[in-house]
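There are 2 protein chains.
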Amino acid sequence: MPGIRHITLPAGFSASGVACGIKSSGKKDLAIITADRNVAAAIVTTTNQVVGAPVIWDRQILPKGSGKVRAVVINSGNSNVCTGKAGLKDAEAMATQTARLLDTDPQKVLVASTGIIGKRLEMSKIREGISAAADSLSKRRDSDALQAIMTTDLKEKSAVVQTRIGGKTVTVAGIAKGSGMIAPSMATMISVITTDLAICPRTLHKALKEAVGESFNAITVDSDTSTSDTLVLLASGAADNKKFPPASPQYRKFLAALKEVCHELARAIIADGEGATKVIKVNVSGAKSAGDAEIAAKSVANSPLFKCAIHGCDPNWGRIVVALGKSSAKIDPEKLRVKIGPATVFSAGRGRDGKFDEKKLSKYLAGDSVEVSCSLGLGKARYSALTCDLSREYITINADYHT
Amino acid sequence: MPGIRHITLPAGFSASGVACGIKSSGKKDLAIITADRNVAAAIVTTTNQVVGAPVIWDRQILPKGSGKVRAVVINSGNSNVCTGKAGLKDAEAMATQTARLLDTDPQKVLVASTGIIGKRLEMSKIREGISAAADSLSKRRDSDALQAIMTTDLKEKSAVVQTRIGGKTVTVAGIAKGSGMIAPSMATMISVITTDLAICPRTLHKALKEAVGESFNAITVDSDTSTSDTLVLLASGAADNKKFPPASPQYRKFLAALKEVCHELARAIIADGEGATKVIKVNVSGAKSAGDAEIAAKSVANSPLFKCAIHGCDPNWGRIVVALGKSSAKIDPEKLRVKIGPATVFSAGRGRDGKFDEKKLSKYLAGDSVEVSCSLGLGKARYSALTCDLSREYITINADYHT
Chain A
48 MPGIRHITLP AGFSASGVAC GIKSSGKKDL AIITADRNVA AAIVTTTNQV VGAPVIWDRQ
108 ILPKGSGKVR AVVINSGNSN VCTGKAGLKD AEAMATQTAR LLDTDPQKVL VASTGIIGKR
168 LEMSKIREGI SAAADSLSKR RDSDALQAIM TTDLKEKSAV VQTRIGGKTV TVAGIAKGSG
228 MIAPSMATMI SVITTDLAIC PRTLHKALKE AVGESFNAIT VDSDTSTSDT LVLLASGAAD
288 NKKFPPASPQ YRKFLAALKE VCHELARAII ADGEGATKVI KVNVSGAKSA GDAEIAAKSV
348 ANSPLFKCAI HGCDPNWGRI VVALGKSSAK IDPEKLRVKI GPATVFSAGR GRDGKFDEKK
408 LSKYLAGDSV EVSCSLGLGK ARYSALTCDL SREYITINAD YHT
Chain B
48 MPGIRHITLP AGFSASGVAC GIKSSGKKDL AIITADRNVA AAIVTTTNQV VGAPVIWDRQ
108 ILPKGSGKVR AVVINSGNSN VCTGKAGLKD AEAMATQTAR LLDTDPQKVL VASTGIIGKR
168 LEMSKIREGI SAAADSLSKR RDSDALQAIM TTDLKEKSAV VQTRIGGKTV TVAGIAKGSG
228 MIAPSMATMI SVITTDLAIC PRTLHKALKE AVGESFNAIT VDSDTSTSDT LVLLASGAAD
288 NKKFPPASPQ YRKFLAALKE VCHELARAII ADGEGATKVI KVNVSGAKSA GDAEIAAKSV
348 ANSPLFKCAI HGCDPNWGRI VVALGKSSAK IDPEKLRVKI GPATVFSAGR GRDGKFDEKK
408 LSKYLAGDSV EVSCSLGLGK ARYSALTCDL SREYITINAD YHT
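Which chain is which? The protein sequence lines are A and B, in order. Using the numbering used here, the first residue of the first sequence is number 48, and each one after it goes up by one. Using the numbering used here, the first residue of the second sequence is number 48, and each one after it goes up by one.
Treat the hints with caution; some may be incorrect.
A pair holds if it fits inside one copy or across any two, identical chains being indistinguishable in the list.
[Stated by the list, open to error] In silico BS3-like cross-links for lysine-lysine, where the CA-CA straight-line distance does not exceed 27 Å:
#1 K166 x K382
#2 K289 x K186
#3 K377 x K132
Hints listed in this document are in silico derivations from the structure and should not be mistaken for laboratory results.
Could you put together the complete structure from these sequences and hints?
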């Protein structure tokens, strides 16, 4: 079924997604995204000490995080994590079969899996799926690929940005999946970004690491970092621009476009966070150091009490101040200023209840997007974290889900 | 109304609790616990950088955490936090009035407050409450005092332990309140422990710090550390034992009794955690260092996904392994062994699904007490953390509660 295009919009890529029976629902569960030839690739993976077999495989073929790659094969419904040596052989078999069908080397095929932990993949189904997906590769099946990587996601997440670099139009496009177990610490659950830019693999990797720091690494649904986080960036070179070094104006333009795609995908993950009804942006400024700014913002973004208060549309600045104060980031309540949306709710060590328009603030909090800004007054560092509210629905999803 | 005795069981103490109108429910909200004369006292308070006015007051009068004290005056319903200089004056006024009525110095009266953040205390009500509480001090009103310190608590939390020290019977008894915003990092929300032991203040403080490390500091309901955590230990000396130095057998006996009281109170707080239906003990052993053991245990105990799984009676070892792996504590999946209750569910890098009695485990998980044991296989350090499950009720309590 043809649908909207995104990851095949940059020239030089094809994609497909099929249902091969890994998901009991019968929904699509196997995707291939491939370049027309081996292209520049960069990857970042989870910092969890327990990693899935696909992550081990990807690190083996791209030990420095960049190199030349032809394709990514992805299944959903089973993450192939904690499956021992047999699981690693399964990941390798996925790469080998895909490589054979695309007429390349297994070392040129990245693998990603997402879903339940601890079960062996049903390889007969996977083999049929890879075969069918390779047969249906096309420039019009982007949505199939995107649907095939989803698990508890309710919404499809994609982003496209175009820019001019060296006189050529360059397109950057991405897809992502992720909804729970989201506190990425290198990348999100699974995301593939394509571009037609001509760029060397090392520079591509540098840009990816820069873009991830303030997008995927700045989001949290539930503070739980997955074992399977994988973000792949492929650059086909089809835009035919002249290659450029890092720190050049062209690099900065590409980085800006890449950041925009990463931000959009990261925000989409939060908006689709398990049980989420609101996206919450927590800005910290005036921190003593960059590390302090990040720690303070994430301490608020991960506070269950804060997230419940926002769910209940309650301007409970006390919980924000508590979350800042419990963190290891330096805080001085006398210098702290907290805003919820348009209203300054805390300053000079005290709440400002009665001094702001409560009706206006209530209306603001009833919306689906809330911004909290904490000015620490101690320095110049800043950081923004994205999170969602904590609802009964999160519990329902995660208590009623059974292994 | 007379009730069961606990904190006045050690000789030399009286207590009372009254309703003075701080709580809109009309329930008791002001307590005094007093010794017959100035006695040895030790205190530990929150590590949150934002602290309530009562904590500031208590630190002023016991700058080293120990000294001589007559009484503690406590109100619930309003925590007197983020109330500026005026709030500090209110705390001082509570101590001054209580001291006058007990015929001692304000510097001998500790103050604690718990409840809403950011509102000034209604001091006319507090003054009437202190007056009424001082008038009704008795050896039979322990339950009144306990009820008067409760906020969202559903259950009364008290503990009594007796031991023989130097040929004398020594009693250690405590009360505590706390249910949400529980991740103590020095002490719990509010707890008062009394003993008739004769002991010097510095030794008392040493024992308190030792006991807190593996009891109150090892519990978490929601990872949010309060601004008001205060634990006071008063020793009347009425048991008339010979004083002893730290590291003596007598010290160790007292410490054991004190730890038992702290453990019982800490466990009671978890059992009454907001929305809790189960108490979960997370044991980590075989860690490389004591720090690693604590970090690993708390990473599991604070994982929302793990807490939801236990709420749903799901033996989801994947979420335990994920929570261990995301922490900064050193983990090697190949050496890791995870037990849920009686069943080994993970070893040698793999789940053991199908290799344990699932029916038996389901029955175990349906109970109100669950133990998870993680053997890291990397060293000898161990730590146990206590937490509760995460339920829809937690969200209801914390999203529908309005400031």
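Here is how each hint holds up against the structure:
1. K166 x K382: between (52 Å within a copy, 19 Å between copies)
2. K289 x K186: So K289 and K186 pass the 27 Å test inside one copy only (25 Å; across, 88 Å).
3. K377 x K132: Result: close only across copies, 22 Å inter versus 45 Å intra.
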